[in-house]
Amino acid sequence: MLFGIDTLYIWVAVIILCIAVEAFTLDLSAIWFAVGGVAALVAASLSLEVAAQLVIFVLFSAALLVIVRPFCRRFLKTKNEATNADRIIGQTAVVIEEIDNLRGTGEVRLLGAVWSACSIDDSAIPCGATVKVVEIRGVKAVVETVG
5 MLFGIDTLYI
15 WVAVIILCIA
25 VEAFTLDLSA
35 IWFAVGGVAA
45 LVAASLSLEV
55 AAQLVIFVLF
65 SAALLVIVRP
75 FCRRFLKTKN
85 EATNADRIIG
95 QTAVVIEEID
105 NLRGTGEVRL
115 LGAVWSACSI
125 DDSAIPCGAT
135 VKVVEIRGVK
145 AVVETVG
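Counting from 5, one number per residue, gives the positions in the sequence shown under my numbering.
A few of these clues could be false.
Claimed, not checked - Simulated DEER-style distance windows between Cβ atoms:
{"id": "1", "residue 1": "Thr109", "residue 2": "Asp31", "range": "44 to 52 Å"}
{"id": "2", "residue 1": "Asp31", "residue 2": "Glu102", "range": "46 to 54 Å"}
{"id": "3", "residue 1": "Phe79", "residue 2": "Ala56", "range": "29 to 37 Å"}
{"id": "4", "residue 1": "Phe79", "residue 2": "Val16", "range": "28 to 36 Å"}
{"id": "5", "residue 1": "Ala27", "residue 2": "Ser127", "range": "53 to 61 Å"}
Simulated from the structure, these hints should not be mistaken for laboratory data. The beta-carbon is built from N, C-alpha and C at its ideal position, and this holds for glycine as well.
Modelling step: build the complete structure from the supplied sequences, incorporating the hints.
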């Protein structure tokens, strides 16, 4: 008994709370405390003292967090999906509006879409020229002339 409450109920509440936190965060951190709560629940059902239950909870939770979490994160790591902006770097495009950094003008057609563009070296690039996308700055494709 802890504060007049049977420790079995406390450990069940800890388990439910940790599972709920894990469900909302999906960070693989609270689930290990839920498993520690299960170990402490087993200790409580064996009528061990509250101090022993707490030690078992802390030891199980810490061990799982330190040992098992990195292993699980490595295998559950999701791939980074390339965004539209990531896909255009290195692609060639055609200038459809003259690129002039001083006037702030310039557009290119790339993969069927129109992108605002600026030149990497501040040079003017005429309409119809073929360019290569070097990087993305904000919403503009930074390009250099090809050939």
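Each hint tested on the structure:
Roughly 46 Å separates the CB atoms of Thr109 and Asp31, a value that falls within the hinted 44 to 52 Å. The given range of 46 to 54 Å is respected by Asp31 and Glu102, whose C-beta atoms sit roughly 49 Å from each other. Checked against the given bound of 29 to 37 Å, the beta carbons of Phe79 and Ala56, roughly 34 Å apart, stay inside it. Between Phe79 and Val16 the beta carbons are some 30 Å apart, a value that agrees with the proposed interval 28 to 36 Å.
For Ala27 and Ser127, the hinted distance range of 53 to 61 Å is satisfied, since their beta carbons lie about 55 Å from each other.
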